[in-house]
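**Student:** Spelled out from the first residue to the last, the chains are:
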Amino acid sequence: MNELTIAIIFYIFAAVTVVSAAVVVFSKNVIYSAFSLLFTFFGVAALYVFLSADFIAVTQIVVYVGGILVLLLFGVMFTNTIMSTDLKADVLHFIPGVVLTVLLIVGMLYAFYTTGDWMPGHIQLSGSVVERIGIETMSRYMLPFEMASILLLVALIGAAYLARYDKANKKEH
Amino acid sequence: MEMFTAIGLNHFLTISTMLFALGMFAVMTRKNAIVILMGVELILNAANINFLAFSKYNGGMEGVMISLFVIVLAAAEAAVALAIVINIFKTFKTVDVSSVDTMKE
Numbered sequence: 031m032n033e034l035t036i037a038i039i040f041y042i043f044a045a046v047t048v049v050s051a052a053v054v055v056f057s058k059n060v061i062y063s064a065f066s067l068l069f070t071f072f073g074v075a076a077l078y079v080f081l082s083a084d085f086i087a088v089t090q091i092v093v094y095v096g097g098i099l100v101l102l103l104f105g106v107m108f109t110n111t112i113m114s115t116d117l118k119a120d121v122l123h124f125i126p127g128v129v130l131t132v133l134l135i136v137g138m139l140y141a142f143y144t145t146g147d148w149m150p151g152h153i154q155l156s157g158s159v160v161e162r163i164g165i166e167t168m169s170r171y172m173l174p175f176e177m178a179s180i181l182l183l184v185a186l187i188g189a190a191y192l193a194r195y196d197k198a199n200k201k202e203h
Numbered sequence: 031m032e033m034f035t036a037i038g039l040n041h042f043l044t045i046s047t048m049l050f051a052l053g054m055f056a057v058m059t060r061k062n063a064i065v066i067l068m069g070v071e072l073i074l075n076a077a078n079i080n081f082l083a084f085s086k087y088n089g090g091m092e093g094v095m096i097s098l099f100v101i102v103l104a105a106a107e108a109a110v111a112l113a114i115v116i117n118i119f120k121t122f123k124t125v126d127v128s129s130v131d132t133m134k135e
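Sequence lines, in order, name chains A and B.
Residues 31 to 203 (the working numbering) are what the first sequence spells out, left to right.
Residues 31 to 135 (the working numbering) are what the second sequence spells out, left to right.
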């Protein structure tokens with residue numbers, strides 16, 4: 031593939047990501063937001079492939095689309111009662127939000143494009159990164175890796191405790 | 031034209047800025063707690079893109095590893111946050127964060 035083809039594919043995925051993220055944020059219907067988040071996650075995974083992080087892209091699809099998005103959809107369907115559908119225009123502090131968002135975009139883009147003249151390093155990541163992830167996980171990142179497993183266990187127990195059904199009082203607690 | 035066809039670091043930084051700003055906007059303005067959680071996920075994805083972009087153009091593995099841990103943390107965060115939101119819904123019968131203003135029923 032020549033450079034132009036790669037650039038066109040990149041822009042397509044970038045547009046998918048940003049447009050569907052905008053739908054997530056601006057849609058009035060929470061269900062539309064949740065399904066639009068699907069396309070955002072897939073677009074971001076495609077961008078990860080452009081950054082030669084193929085393993086992270088697959089992890090993104092498995093964890094975000096297969097786990098977090100399903101969880102969010104369950105949350106939406108649990109909490110979206112028919113009563114609350116008339117509460118559609120649920121936006122708070124709209125003008126300050128717009129002002130702060132625009133300031134944020136302008137400030138960050140200014141910093142990225144003017145302050146730092148980012149020099150690409152002599153070595154860049156290329157090809158598959160899976161093997162190097164395995165080596166790093168078992169050497170330099172051993173302790174964070176084990177801590178992540180404990181954290182996941184704690185989060186699992188905590189979430190199950192928080193959302194449990196209280197048998198003793200015969201009510202949902 | 032060169033600036034648009036040669037995909038470089040700044041392209042990825044621009045996209046991550048847009049994602050971050052959109053997520054920030056959702057967190058600041060939306061009332062529905064679930065949409066606020068979606069905004070947090072967008073912010074985490076933007077941070078991940080930055081990590082991986084700098085890692086790619088630096089040649090190091092630090093960004094890749096940290097983005098992996100960010101995904102793990104995002105999964106844990108989503109599970110606990112959803113449990114809290116469902117508890118809020120059971121107590122207050124709404125997930126409107128502007129009307130949840132007491133710590134007991």
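Simulated from the structure, these hints should not be mistaken for lab results.
Please note that the accuracy of each hint is not assured.
What the hints assert, rightly or not - Between beta-carbon pairs, the in silico distance windows are: (1) B:Ile114 <-> A:Val132: 15 to 23 Å; (2) A:Leu181 <-> B:Phe34: 25 to 33 Å; (3) A:Met107 <-> B:Glu107: 30 to 38 Å.
As the list claims (entries may be wrong) - Derived pair list, reagent style DSSO-like, types lysine-lysine, alpha-carbon separation capped at 30 Å: (4) A:Lys58 <-> B:Lys61; (5) A:Lys58 <-> B:Lys120; (6) B:Lys61 <-> B:Lys123.
Just so it is clear, CB atoms sit at the ideal spot from N, CA and C, and this is done for glycine as well.
**Student:** Tell me the numbers of any earlier hints that the structure contravenes, in ascending order.
**Tutor:** 1, 2, 3
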